Amino acid sequence: MPVTIDPTALGMPVELGQISRELKKLWEQDGGVSTRASLINLAVYCEGVESMRANTELIMEFTHEHACRAILIGYEPGSENQIHAWINAHCHLSRAGAKQVCCEQISFLFEGDTKKRIANILFSNLDSDLPLYLLWRGEFHDPVDEQLWAWVDRLIFDSQSWRDPKSQFALLKDSLVRSKSRLTLCDLNWTRSLHLRQALAQMFDHAENLSVLDNLKTVAIAHAPNFRSTALLLVGWFAAQLKLVFVKNEGSAFVYLNPHGNEVLFSLTAEEGRSISRCELTSDTGSIRLQRDGAGDFFRVEVRLTDNRVYNHLLPAGINATATLILEEIGGGGQHKVYLNALAASEVLL
Amino acid sequence: MPQPCNVVIFGASGDLTYRKLIPALYNLAADGDLPAALSVVGFARREKSDESFRKELQEAVGKFSRQGLNDELWKSFGERIFYHQSEFGDLEGYKRLAERLNQLDADHNTGGNRLFYLSVAPSEFGGILEKLAAVGLNKAREGAWSRVIVEKPFGTDLPSAQKLNGIVNTVFREKETYRIDHFLGKETAQNIMVLRFANSIFEPLWNHRYIDHIQITAAEPLGVEARGPYYESSGALRDMVQNHLLQLLCLVAMEPPTDLTADSVRDEKVKVVRALRPMSTEDVASNVVRGQYAAGAINGKEVIGYRAEERVSTESMTETYVALKLHVDNWRWADVPFYVRVGKRLPKGGTEIAIQFKNAPGVLFNKDAAAVGPNVLVIRIQPDEGISLRIQAKRPGAAVRVEPVKMDFHYGTSFGKASPEAYERLLLDAMSGDATLFARRDEVEGAWKFIDLIEEAWHQNPTPPALCEYPAGSWGPAEADALLERDGRAWRRM
Ligand SMILES: NC(=O)c1ccc[n+]([C@@H]2O[C@H](COP(=O)([O-])OP(=O)(O)OC[C@H]3O[C@@H](n4cnc5c(N)ncnc54)[C@H](OP(=O)(O)O)[C@@H]3O)[C@@H](O)[C@H]2O)c1
Numbered sequence: 001m002p003v004t005i006d007p008t009a010l011g012m013p014v015e016l017g018q019i020s021r022e023l024k025k026l027w028e029q030d031g032g033v034s035t036r037a038s039l040i041n042l043a044v045y046c047e048g049v050e051s052m053r054a055n056t057e058l059i060m061e062f063t064h065e066h067a068c069r070a071i072l073i074g075y076e077p078g079s080e081n082q083i084h085a086w087i088n089a090h091c092h093l094s095r096a097g098a099k100q101v102c103c104e105q106i107s108f109l110f111e112g113d114t115k116k117r118i119a120n121i122l123f124s125n126l127d128s129d130l131p132l133y134l135l136w137r138g139e140f141h142d143p144v145d146e147q148l149w150a151w152v153d154r155l156i157f158d159s160q161s162w163r164d165p166k167s168q169f170a171l172l173k174d175s176l177v178r179s180k181s182r183l184t185l186c187d188l189n190w191t192r193s194l195h196l197r198q199a200l201a202q203m204f205d206h207a208e209n210l211s212v213l214d215n216l217k218t219v220a221i222a223h224a225p226n227f228r229s230t231a232l233l234l235v236g237w238f239a240a241q242l243k244l245v246f247v248k249n250e251g252s253a254f255v256y257l258n259p260h261g262n263e264v265l266f267s268l269t270a271e272e273g274r275s276i277s278r279c280e281l282t283s284d285t286g287s288i289r290l291q292r293d294g295a296g297d298f299f300r301v302e303v304r305l306t307d308n309r310v311y312n313h314l315l316p317a318g319i320n321a322t323a324t325l326i327l328e329e330i331g332g333g334g335q336h337k338v339y340l341n342a343l344a345a346s347e348v349l350l
Numbered sequence: 001m002p003q004p005c006n007v008v009i010f011g012a013s014g015d016l017t018y019r020k021l022i023p024a025l026y027n028l029a030a031d032g033d034l035p036a037a038l039s040v041v042g043f044a045r046r047e048k049s050d051e052s053f054r055k056e057l058q059e060a061v062g063k064f065s066r067q068g069l070n071d072e073l074w075k076s077f078g079e080r081i082f083y084h085q086s087e088f089g090d091l092e093g094y095k096r097l098a099e100r101l102n103q104l105d106a107d108h109n110t111g112g113n114r115l116f117y118l119s120v121a122p123s124e125f126g127g128i129l130e131k132l133a134a135v136g137l138n139k140a141r142e143g144a145w146s147r148v149i150v151e152k153p154f155g156t157d158l159p160s161a162q163k164l165n166g167i168v169n170t171v172f173r174e175k176e177t178y179r180i181d182h183f184l185g186k187e188t189a190q191n192i193m194v195l196r197f198a199n200s201i202f203e204p205l206w207n208h209r210y211i212d213h214i215q216i217t218a219a220e221p222l223g224v225e226a227r228g229p230y231y232e233s234s235g236a237l238r239d240m241v242q243n244h245l246l247q248l249l250c251l252v253a254m255e256p257p258t259d260l261t262a263d264s265v266r267d268e269k270v271k272v273v274r275a276l277r278p279m280s281t282e283d284v285a286s287n288v289v290r291g292q293y294a295a296g297a298i299n300g301k302e303v304i305g306y307r308a309e310e311r312v313s314t315e316s317m318t319e320t321y322v323a324l325k326l327h328v329d330n331w332r333w334a335d336v337p338f339y340v341r342v343g344k345r346l347p348k349g350g351t352e353i354a355i356q357f358k359n360a361p362g363v364l365f366n367k368d369a370a371a372v373g374p375n376v377l378v379i380r381i382q383p384d385e386g387i388s389l390r391i392q393a394k395r396p397g398a399a400v401r402v403e404p405v406k407m408d409f410h411y412g413t414s415f416g417k418a419s420p421e422a423y424e425r426l427l428l429d430a431m432s433g434d435a436t437l438f439a440r441r442d443e444v445e446g447a448w449k450f451i452d453l454i455e456e457a458w459h460q461n462p463t464p465p466a467l468c469e470y471p472a473g474s475w476g477p478a479e480a481d482a483l484l485e486r487d488g489r490a491w492r493r494m
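Chains as they are written, first to last, in this note's numbering: chain A, 1 to 350; chain B, 1 to 494.
The reader is advised that the hints may include incorrect statements.
[Said to hold, decoys possible] The calculated lysine to any residue pairs, modelled on SDA-like cross-linking and capped at a C-alpha distance of 20 Å, are: (1) A/K99 - B/S414; (2) A/K99 - B/P396; (3) A/K116 - A/S161; (4) A/K243 - A/L176.
[Unchecked claim] Residues on chain B that point at chain A, a partial pick, calculated with CB under 7 Å: (5) A297; (6) N299; (7) R401.
I should point out that these hints are in silico values taken from the structure, not numbers from a laboratory. Please read all numbers here as calculations on a predicted model, not as lab measurements. Beta carbons: idealized from backbone N, C-alpha and C, even for Gly.
Construct the entire structure; sequences and hints are all you get.
Below, the structure is given as structure tokens:
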């Protein structure tokens with residue numbers, strides 16, 4: 001570690017105009033023991049000082065897997081108009097050998113009416129020529145800074161944490177159009193169901209199971225009370241992939257028509273437990289039931305075909321902690337076309 | 001090591017002398033690069049003794065020298081500095097200067113060699129040179145030399161530059177004339193030629209077959225500061241592009257010179273200037289964007305707009321930002337645009353050249369056009385001089401995921417030694433008679449010829465292109481982004 005600072009804290013306070021100089025000093029003091037590594041700029045936006053601490057821990061965890069320059073942006077409304085800055089480094093021993101690999105963290109606290117300064121300060125502290133990933137913790141507020149949007153390559157957020165996903169998505173969509181941004185939307189709420197989707201998709205690697213999809217009649221999804229939006233995205237995924245057309249709401253269920261003109265009914269139930277604890281597909285030709293037990297790390301999958309054949313599988317369910325989701329999301333890459341289709345298809349349900 | 005000499009600085013109580021020239025000479029002395037027999041004579045108007053002049057300069061060195069101030073060294077260096085009080089227009093003052101220099105030659109054994117540094121406004125050049133000639137200081141005695149260094153701006157357009165050159169060249173020969181462009185004194189600018197011609201891996205790629213386009217950026221967060229009146233009469237195009245940025249462009253675009261002599265190098269540079277595609281009024285409207293900063297924020301602090309700056313017109317049409325798309329019409333650079341931008345009140349400071357290579361063929365990893373970015377070679381002129389190369393690499397893991405990584409070379413850490421300041425190198429070269437890093441008359445005039453077309457389209461045109469506003473602290477006007485977007489490109493992120 002170049003300086004004796006607590007890596008879970010914000011680090012050393014610095015003047016706003018002196019950040020690159022102070023960072024340079026930090027590495028000079030180190031005398032070549034550590035290697036500064038950076039592959040991306042990871043900006044993290046959050047609200048409140050406490051949240052800054054929590055996100056610093058998140059960044060520390062993140063830097064073990066992904067070398068980055070982390071830029072933590074905290075916003076605290078209602079106080080005096082001030083901006084504070086800190087620098088810090090997260091170091092760990094590289095897997096390859098004795099060298100310490102370190103990532104820089106620059107933190108800013110924007111207080112009062114200083115929010116409009118965020119874009120400028122972020123722009124002046126980016127590691128040049130590297131992609132900019134922005135992790136947005138919480139809700140978007142109107143107006144979104146278009147200048148900022150135009151610079152972001154990947155925008156990571158968790159639509160599960162939003163009180164009103166419909167208006168949030170509308171705001172996001174509108175600002176993306178206005179800023180002509182081509183950023184990739186990375187919704188952790190989508191990543192959250194990654195293992196479930198993978199497990200389901202895997203079932204159809206067996207050609208004989210495909211008949212369940214072709215003749216799909218009902219899909220029942222059980223989600224934790226706060227994770228209805230996760231389930232809705234999942235419905236959107238089915239709809240987009242199977243080219244279903246939304247017809248109507250029926251009580252708490254949704255009615256769709258498949259390309260053959262047959263109805264498919266989706267029902268959602270809130271149950272205590274994992275974000276998505278169960279997903280059951282039924283058709284005239286069989287059923288597929290995917291269940292996750294309370295503490296288990298696996299999905300139990302039961303495939304029942306009409307001729308009474310039953311197959312059981314155990315598939316990894318992944319870890320749904322935020323840090324893991326972020327790592328998974330960033331490690332995955334891609335343009336997320338499937339997500340965008342799922343999102344478009346789920347919009348009517350929001 | 002240069003020969004012993006007397007350096008005479010006109011405008012010796014000015015900002016440039018304090019911040020750059022004397023600290024540069026001091027650093028050269030500290031590095032042992034100056035001849036033992038060297039004296040410095042400061043020429044300015046206000047009343048001052050040698051002692052008080054030295055005292056002020058000592059403070060300036062303490063503040064601005066990259067090596068700090070060493071008392072012992074200052075003692076011997078300071079003793080060789082003298083103050084000469086005179087009006088620029090007073091012939092008597094020059095006569096006394098000549099006598100004083102002769103005396104210094106005798107006392108310090110400086111051999112009659114003289115280097116005159118005109119650190120004054122261009123309007124003073126003529127008068128000073130005329131008087132130097134009148135007292136014969138432009139002509140060195142047998143076996144000695146007499147040279148002149150002139151500061152920027154060298155003219156404000158082609159006619160004024162020609163006039164200035166005419167004046168300078170009636171008093172000093174071209175080979176005795178050193179026109180400063182301090183960008184050329186920077187280590188990385190000098191390294192452009194080394195990078196290109198001492199490495200076999202770059203030059204074969206350095207052409208339209210492999211390079212998609214080139215970007216040259218000079219950005220600074222500072223506003224116009226106290227230079228309002230000067231800036232009002234110049235603007236970003238004349239202040240930065242005509243000289244510094246076109247010089248950098250020449251170094252990047254020129255053909256290999258036959259040898260490293262000053263004239264061989266400058267011959268090649270001037271060919272680039274001549275190959276710049278001249279712009280019609282319509283070309284200027286579509287290929288040049290001029291902007292002016294409005295109020296905004298830098299480093300979190302609110303700053304005023306350009307028109308509210310001190311001694312700036314509230315209706316000023318002076319550009320503080322300019323972005324240009326240029327073409328060098330020769331074989332090597334056919335269809336390779338050079339995008340050049342310069343601006344004040346931008347989020348970050350820095351001068352960089354980015355060579356953006358063409359994309360790898362659209363097969364294998366590059367099937368999805370947007371998936372893999374291009375290779376970019378960045379030459380950082382300032383600050384943190386160095387070179388970086390962006391390449392694509394596979395992210396460790398089972399999946400094949402390609403990510404850009406940056407290989408970075410920093411002068412400071414790689415050579416473990418701070419690069420000398422540009423003025424150090426340039427003063428040393430002028431003392432040594434090496435004009436490679438100075439602009440030659442034809443280069444300067446060629447650059448003005450090109451720039452004048454743009455100035456004319458802006459100022460002598462009934463329907464001039466708009467002056468676009470940008471908030472201080474942003475990366476310039478949206479129109480500048482559109483300039484590249486139109487070509488399917490974008491400014492790089494610094
Ligand atoms: N400052 C910079 O960073 C910088 C950078 C690049 C280029 N330049 C160029 O360098 C030149 C000098 O710049 P500067 O900033 O040093 O200028 P400055 O601070 O305005 O200094 C002007 C100097 O000229 C002297 N002077 C003016 N009129 C005089 C007269 N009639 N007789 C005798 N002395 C007279 C002044 O002496 P008194 O003080 O005794 O009146 C002072 O020493 C200019 O051409 C400028 O464009 C400057």
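Going down the list of hints, with the structure as the test:
no.	hint	result
1	A/K99 - B/S414	18 Å, holds
2	A/K99 - B/P396	18 Å, holds
3	A/K116 - A/S161	24 Å, violated
4	A/K243 - A/L176	26 Å, violated
5	A297	5 Å, holds
6	N299	4 Å, holds
7	R401	5 Å, holds
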